[in-house]
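The listed protein sequences derive, respectively, from chains R and V.
Residue 312 in my numbering sits at position 312 of the first sequence, and the numbers go up by one each step.
Residue 386 in my numbering sits at position 386 of the second sequence, and the numbers go up by one each step.
Just so you know, the hints here were simulated from the structure itself, not pulled from any lab data.
Think of the CB as a built atom: it goes at the ideal place given N, C-alpha and C, for glycine as much as any other residue.
Watch out, some of these pointers could steer you wrong.
[Stated by the list, open to error] Covered by chain R, per the in silico footprint, the following chain V stretches (three or more residues, Cβ under 8 angstroms):
{"hint": "1", "segment": "121–127"}
{"hint": "2", "segment": "425–436"}
[As the list claims (entries may be wrong)] In silico SDA-like cross-links for lysine to any residue, where the CA-CA straight-line distance does not exceed 25 angstroms:
{"hint": "3", "chain 1": "V", "residue 1": "Lys113", "chain 2": "R", "residue 2": "Gly90"}
{"hint": "4", "chain 1": "V", "residue 1": "Lys219", "chain 2": "V", "residue 2": "Thr229"}
{"hint": "5", "chain 1": "R", "residue 1": "Lys302", "chain 2": "V", "residue 2": "Lys470"}
{"hint": "6", "chain 1": "R", "residue 1": "Lys302", "chain 2": "V", "residue 2": "Asn95"}
{"hint": "7", "chain 1": "R", "residue 1": "Lys302", "chain 2": "V", "residue 2": "Thr229"}
{"hint": "8", "chain 1": "V", "residue 1": "Lys470", "chain 2": "V", "residue 2": "Thr294"}
{"hint": "9", "chain 1": "V", "residue 1": "Lys133", "chain 2": "V", "residue 2": "Val145"}
{"hint": "10", "chain 1": "V", "residue 1": "Lys74", "chain 2": "R", "residue 2": "Ala164"}
{"hint": "11", "chain 1": "R", "residue 1": "Lys302", "chain 2": "V", "residue 2": "Asp137"}
{"hint": "12", "chain 1": "V", "residue 1": "Lys113", "chain 2": "R", "residue 2": "Gly190"}
{"hint": "13", "chain 1": "V", "residue 1": "Lys74", "chain 2": "R", "residue 2": "Ile159"}
{"hint": "14", "chain 1": "V", "residue 1": "Lys231", "chain 2": "V", "residue 2": "Lys470"}
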Amino acid sequence: MELLEIFASAGIWGAVLRIATPLIFGTLGALICERAGVLNLGIEGIMTFGAMIGWLTVYNGGDLWMGLVAAAAFGALFGLLHASMTVTLGLSQHVTGLGITLFASSLSYFIFRLVVPLASSPPTIEPFQPLVIPYLSDLPFLGDALFNQTAPTYLAIAIAAIAAYVLFRTPLGLAVRMTGENPHGAEAQGVNPIAVRFGAVMVGSALMGVGGAFLTLSAFNSFFPTMVQGRGWVCIALVVFASWRPGRALLGALLFALFDAYQLRLQAVLGKAVPYQLFLMVPYLLSIFALIVMARRARVPKALMQPYRRGER
Amino acid sequence: MTAVPVLRLTGITKTFGTTIANDAISIDLAPGEVLALLGENGAGKTTLMSILFGHYTPDAGTVEVDGVQLPPGKPRAAIRAGVGMVHQHFSLADNLTVLENVMTGTESLWQLKSSTGAARAKLLSIAERFGLKVDPDARVGDLSVGEQQRVEILKALYNDARILILDEPTAVLTNIEAETLFATLRVMAQSGLSLIFISHKLNEVMAAADRVVVLRGGKVVAERLTGATSKAELAELMVGRRVARPVREAAVPGPVLLQASNLDVGRRLSSINFEVRAGETLGIIGVSGNGQTTLGHLVSGLVQHSAGELQLFGEAMDRTSVRAMIEAGIGRVPEDRNAEGVIGDMAIWENAVLERLWQFSRNGLVDRGAARAFAGEIIDGFDVRGGAPDSRTRLLSGGNMQKLILGRNLQNRPRILVAAQPTRGLDEGAIAAVHTRILDARRAGTGVLLISEDLDEVISLADRIQAIVKGRLSPPVPAEQADARLLGLMMAGDWPQDGKIAHAH
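Go ahead and model the full structure; you've got the sequences and the hints to work with.
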């Protein structure tokens, strides 16, 4: 049975991890923002900007890791903008987020055009290479399936673990969760909800930027303006799927990536008989279905999307 | 006061725009004392406590704990000095556990690990000491309101509070929960804590406090030891004039308007019987959570009966609907005025006509002129203060909101009025106004179904009284034979299954 044999190849599992990496960064980023009570729909634009600025840093002679740091820094900067508008001014989080997405996407293309002349094939950089881990990478099947990734992929998984630990095991994480649930309560306990929201939105946005940079520094080697292709929106949905839990966010991103990797290979198998566009829909359809099943039990942070104003109830 | 005060407020003044919320208020609190801060809504009680706790910065005046002045506007400093506050709207997070709620903000944010084990032990030992039983791992959203308040108190005690401030602690509690609370407060005072509770309820002030400070219009108007004052005196001090709740005259019962026979609503009401007559008030007394919400919804057309018979004006109703009930002339005062009574962000005129919009529609458009005029009539006729037809309903005080709701129902002379908890959370002046309106409607021939958990209210308004316990209704007793003791027994479910109980006790 050809359709199931796909899963027996090591290649698909390697692809799953690769496809999942930007989603893991983005989902964790959005999750951290939302845990503090701020919806960040700027994610799509922040990822695009991260992809651009990361690539540009390396193109101009910077180190690959410098590229990631630049993406994180500019992500945090957009986070600062989002927080200033939604937290300080208490503007609509939806509208502000969409505005940031449009702004950051356009700005990315603008800067890219300023620096890189129009050419038939975009210039490239030397991307991250798979990290060879002694012994593990040499294991039959598993080596290729799991331990043939670039460093940022392992970083993404590590950050998921760290985010889970911080949110559920440290006073800081408790302060973040309390702020997302009841900022007035947090304030009454001596926590500054405004500072917490600024911090969470900036850290979350930095992760979004890194997720975008993965696309240009590891998955591909060049930048083009439409390359994020809705991954940001998938991340927003994955947060709900994950019930705002980092562990489940990791799982959700991997699941989505599995659908995606599978449909790519299905195209190769059945591509002659069925138009490939149909397969492109598969991961999204399955995601919607998974969302319906999971999100009914989800517990939304109570103060999500509610601006906090001191002394007001 | 000879003892050194643990807390001293001196000359606290706070203005919001042109309104003076607090005007040079000075108060002392002695160790182990229970002080009540009594005042009507808007007297400045909550503002004063918010200043004490550092939520607001005062324009003038100082707060001293043990003789040391607190920096203004810093909740954290107040917590550290041993001040704990139990907010009226709890500052809890529903989706977090009890322990997480209690622990928030108690540790340095940059600590690498929460000391959950130690926190749990400390919480349990405090709970033990004050008899506040609680499961540290329960999700707060799953707890009852009374239990949530317990968590709120534990939170303050966990921060080593020696001075506990409770803002209208009984506003959301049932009577039984309130009694338990006051017993707990006693225990806490005996172990050396000092307590301030804010209230506008005379009964609980007299029962629970050692000393009362009365606030009116932002000023301290009097200070009394509870042993040396009376409810009547406090009421007069609080309102600034004599308020007497209106007195019910004998009823002239007319024909039966509404009758339920062996009626069930799912498992929430079982086999209930009652009748409401024209020009008479039937009081349903009971501890909240015993099915009175469902009863109110049934008569409002929000839920359907599943068995038995419901007769309206002598005709059996198979299915009811909200619109049918309103068109039949049933006026409804819902028990939660913010959730079911009004939509806070809409204008007063919109709220006035929303439930009878079809009467104010012409050619598919809302007749705004007529609707505003109707709202104006209510505002004038029912003395709704603090709003014009176009102002947002949220800006009204609870009492004025309730007058608006009463007004839109009574303006059209309903045949039946269903009033569920009509004075819950209202102050003395507003209670008197609401009671007067209900008695007026009854005198004009309206049949009133009064659902309440306030004994005084039921005894003073109702002609006949039935108790509701676990979805069942007792047989009626005439008001003349009802006293607190008998009603207390009835509310506990102590009535013979078949016969009359009026003479049994």
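Okay, the hints, checked on the actual structure:
1. Using a Cβ-Cβ cut-off of 8 angstroms, 0 residues of the segment 121–127 of chain V lie near chain R, which falls short of the minimum of three, so the contact claim is violated.
2. Chain R is given as covering the segment 425–436 of chain V, and this is violated because 0 residues of the stretch bring a CB closer than 8 angstroms to a CB of that chain, at least three being needed.
3. A distance of roughly 32 angstroms separates the Cα atoms of Lys113 of chain V and Gly90 of chain R; the hinted pair therefore is violated under the 25 angstroms criterion.
4. Under the criterion of a C-alpha separation no larger than 25 angstroms, the hint pairing Lys219 of chain V with Thr229 of chain V is consistent with the structure, at around 19 angstroms.
5. At most 25 angstroms may separate the alpha-carbon atoms for a hinted pair to count; Lys302 of chain R and Lys470 of chain V exceed this at roughly 32 angstroms.
6. For the given pair, Lys302 of chain R sits about 8 angstroms from Asn95 of chain V by alpha-carbon distance, which is consistent with the 25 angstroms threshold.
7. Proximity of Lys302 of chain R to Thr229 of chain V is assessed by CA-CA distance (about 45 angstroms); at most 25 angstroms being required, the pair is judged violated.
8. Annotation: proposed proximity of Lys470 of chain V to Thr294 of chain V holds, straight-line Cα distance about 11 angstroms (limit 25 angstroms).
9. For the suggested pair Lys133 of chain V and Val145 of chain V, the alpha carbons sit about 14 angstroms apart, so the restraint of at most 25 angstroms is met.
10. This hinted pair does not check out: Lys74 of chain V and Ala164 of chain R have alpha carbons roughly 31 angstroms apart, beyond 25 angstroms.
11. With a C-alpha separation of about 19 angstroms, the suggested pairing of Lys302 of chain R with Asp137 of chain V holds against the 25 angstroms cut-off.
12. For the proposed pair Lys113 of chain V and Gly190 of chain R, the alpha carbon gap of about 19 angstroms is at most 25 angstroms, so the pair holds.
13. Proposed proximity of Lys74 of chain V and Ile159 of chain R is contradicted: the alpha carbons are some 35 angstroms apart, above 25 angstroms.
14. Restraint check: the Cα-Cα separation between Lys231 of chain V and Lys470 of chain V comes to about 33 angstroms, which exceeds 25 angstroms; the hinted pair is violated.
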